[in-house]
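Both chains come to you apart, so use the hints to assemble them.
As they're listed, the protein sequences go chains A and B.
Note that the first sequence covers residues 1 to 415 in my numbering.
Note that the second sequence covers residues 1 to 70 in my numbering.
Be a bit skeptical, because a hint or two may be false.
Just a sample of chain A residues kept apart from chain B, beta carbon distances all over 12 Å, derived [to be verified]:
| no. | residue |
| --- | --- |
| 1 | T23 |
| 2 | N327 |
| 3 | R343 |
| 4 | R399 |
Simulated pairs of lysine to any residue, SDA-like, Cα-Cα distance not exceeding 20 Å [to be verified]:
| no. | chain 1 | residue 1 | chain 2 | residue 2 |
| --- | --- | --- | --- | --- |
| 5 | A | K309 | A | R274 |
| 6 | B | K58 | A | N327 |
| 7 | B | K58 | A | P172 |
Calculated from the structure, these hints are not laboratory results.
All figures in this text were calculated on a predicted structure; none of them were measured in a lab.
Glycine included, C-beta positions come from ideal geometry on N, C-alpha and C.
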Amino acid sequence: MSLPRLLAGAQERTAFLAAHEATHGRLPARTRDELFEMVDAAGLRGRGGASFPTAVKLRSVAEQRGPRAVLVNGAEGEPMSAKDQVLMRLAPHLILDGALAAAIAVDAQEVVVAVHKGAVETGVAIRRAVQERVAGVKITVRDVPVAYLAGEETALIRFLDGGALLPTAAPPRPFERGLRGQPTLVQNPETFAHLALIARHGPTWFRELGTPAHPGSTLVTVAGAVRQPGVLEMACGTPLERVLAAAGGVTEPVRAVLVGGFHGVWIGADDIRRTTLDDESLALHGGSLAAGVIVALPGTACPMVELAKTVHWLAEQSAHQCGPCRNGLPAIVGVLDAMAVGRADATARERLQRWSGDLLGRGACRLPDGAVRFLNSGMRVFAAEVADHEQQGPCDACRRPMTLAVPRTSEWVAA
Amino acid sequence: MTSRLRVDPIACTGHGLCAELFPEWIGLDDWGYPIIESGPIPEELLVHARRAADACPKLALVVAAERARD
Numbered sequence: 001m002s003l004p005r006l007l008a009g010a011q012e013r014t015a016f017l018a019a020h021e022a023t024h025g026r027l028p029a030r031t032r033d034e035l036f037e038m039v040d041a042a043g044l045r046g047r048g049g050a051s052f053p054t055a056v057k058l059r060s061v062a063e064q065r066g067p068r069a070v071l072v073n074g075a076e077g078e079p080m081s082a083k084d085q086v087l088m089r090l091a092p093h094l095i096l097d098g099a100l101a102a103a104i105a106v107d108a109q110e111v112v113v114a115v116h117k118g119a120v121e122t123g124v125a126i127r128r129a130v131q132e133r134v135a136g137v138k139i140t141v142r143d144v145p146v147a148y149l150a151g152e153e154t155a156l157i158r159f160l161d162g163g164a165l166l167p168t169a170a171p172p173r174p175f176e177r178g179l180r181g182q183p184t185l186v187q188n189p190e191t192f193a194h195l196a197l198i199a200r201h202g203p204t205w206f207r208e209l210g211t212p213a214h215p216g217s218t219l220v221t222v223a224g225a226v227r228q229p230g231v232l233e234m235a236c237g238t239p240l241e242r243v244l245a246a247a248g249g250v251t252e253p254v255r256a257v258l259v260g261g262f263h264g265v266w267i268g269a270d271d272i273r274r275t276t277l278d279d280e281s282l283a284l285h286g287g288s289l290a291a292g293v294i295v296a297l298p299g300t301a302c303p304m305v306e307l308a309k310t311v312h313w314l315a316e317q318s319a320h321q322c323g324p325c326r327n328g329l330p331a332i333v334g335v336l337d338a339m340a341v342g343r344a345d346a347t348a349r350e351r352l353q354r355w356s357g358d359l360l361g362r363g364a365c366r367l368p369d370g371a372v373r374f375l376n377s378g379m380r381v382f383a384a385e386v387a388d389h390e391q392q393g394p395c396d397a398c399r400r401p402m403t404l405a406v407p408r409t410s411e412w413v414a415a
Numbered sequence: 001m002t003s004r005l006r007v008d009p010i011a012c013t014g015h016g017l018c019a020e021l022f023p024e025w026i027g028l029d030d031w032g033y034p035i036i037e038s039g040p041i042p043e044e045l046l047v048h049a050r051r052a053a054d055a056c057p058k059l060a061l062v063v064a065a066e067r068a069r070d
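Chain B on its own, in the form it takes in the complex (with noise of 0.2 Å):
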């Protein structure tokens, strides 16, 4: 199982908390919308990735858990 962080970019309104509480992983673009890193999450960053979600004012942000490709 690897996760993902996903954006819903019609739903996201730029609030900036996930990049906030996640900068390892989220950046703000000029106009504060989040540019998220497309790899998988490393496990001891899955406490961020998660708080990040949560945070999200919009529900825009979700953990997508994937099973690991062959």
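Isolated chain A (complex conformation) (with noise of 0.2 Å):
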């Protein structure tokens, strides 16, 4: 089968429940362990940025003891992302039946649909897809802010249950206890929406598409210098440069390329023909395809500004729970500011490689690795544009609008 899977008849109308079955069929009844089986058999893997294996947690919340619980995390905080939001208002259904089945097979007894509170048509689209359902368990839409750590899953099930939107030391991690502590079965919109594919047609189906280590298609949100930005399904492990081209192609020559968002890496221009959309091959620049956020960098853009004024943002998203986080990503941005203007002194490169080491694995979330991450693959890619920053100072390119879509922060809910 080709694409799309997902998307398939995906205008408004399938956001119906009538028009849903027509396109996809009813869901069949599956037991646990087939359910289980299919699954880790089609080896999907979370669509919301840590790629977990789908199937190990599955089974590490169906083993836990007493009551449990589903979230569907659409909290999308990543910024370039669109994916959840379009893919619960064209297709919330798909996303039910995926959260049912996985309700039924960790023996759940009910559903909380976590949405993005700035996706108006989105909230409508979900709530009205839940009314339309008769079903044995529970299915709540909950409305989260619009912040970078409403999708840190932890920071998510504490601020459903009462708290604050601020993550938690781990463990226990959520399928030990999560939501009024039940052990929960936590998954992306994405994730959920393949479950129910692969519970209608199979592993095999699924295998169809995509690659033996990353198989299956993916949602990417597609922006920067592209004819068409937007939404678009592909199969993984698809030529970076033939998603380019699905976005309607470049509108200028391209530097990098970022992929997987804030917290992503940088593919250079050198390499992009290389590079596919598959965990597997982004590894390779020490990535991996995260929420799925592909940003065509353009020549005429500045990546220092870029990098610079993105990890900036990122500090600002931190929930400053964690002294290390706290001290270092301000420290690092002090001297990111210093090397764009052409100020820093002789120890900031080794100031900023020590700071950015120390940050890793230390957090209570992994805000701190994302953006140290980010830094790192820009300092390698752009090596020459910060080494000329460094030296000369602001180069002609600086002033301009920037690529990257960095929120301004008065916009977003502080953590």
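Structure below.
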């Protein structure tokens, strides 16, 4: 079967149950073991960022004792990502199918769908879809603030339980103690939608697209120097060049492509041709598909500014709970800002390297790790431009509007 | 059974007593927060690890025992 899968027949009408069932057919009843085996054989991995094997998560939750819950994490805190909002608006029933199938399999009594508060139409579509359903499991839809950390699962659970939108120290992980203390299966909306299709068509069908190590299709949000930015469904393993072509082609020569969003990695111009849309290929650059944000950086942009401003913004999104992140990220931003204007001293690079290395794995959440991954990759790919700024100060492109859509902080809820 | 030192980074306020008591395993970053070796602690050093954990004024440091993985 070819593409699209998730977005099959996806116009506004597929948001309704009758059209959804006409497009995809009814969800067949699957026993717990059947579903686990199908998802396992399909090799489905989470599409929210961490690429964790879904079958392992399902089994981990099922093995716990007491009442369990399923959480559809549609907070989509990544500023340039729109795929979850689009999928929840156009195919809410596919997501609900997956969430309900998973709920039955892990024996959960409730499903909570968390929606990005800014996505009004998405909230309407998913609520209407829930009302169309007669389910044995209670489904509730909750709005969550627009914030980078809103998608961080421990922060999301704490918020939904009436607390602050701040990460908690793990362990326990949500599969052990999640919503109201219940073992909770947390997955991205897209992951549930894939699960719903695997339950219908089986693992062999799922693997007809993608690579052996990264099977299936995936949603991507393409932005930057392309003619038709937006959300697309692509087979995993598609060459990056073809992804850009699918987004209408590039509008001007591209200096690099950011894959994975603000926690992602840069693929330099020379490597774009060799890179494909899957975790194996992206791992060669220290990255992964993550949440599927693909940004084409035009040659006319200033990479130094893109790096410095984005890391600055990430530092502001810190929950300021953990010492290493609270101290380390602002210090790194200080060095980057000095480099960008040619005022960094001789020890700046050494400090930048030490502080970046020191940050890894030392926060309650992965925000600092992601910021360091983004920065290190940028420093490698844009080594020449960074050196130019260090020696000569601002370039002509420094004052151009940025390509990366770093939100103004005032538009975002502070953590 | 192997044991590792684990810090709760939210609870830790960087007193730094742990690094003084167990410098073989714990260093401090530029702001005084602990950087801990991630590997299993050798048997002969366990007594120092426990002492460091006990001394933490925030109870942020624990010696976590785990079954050896096969």
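Worksheet item: So which hints don't hold here, by number, going up?
Response: 2, 5
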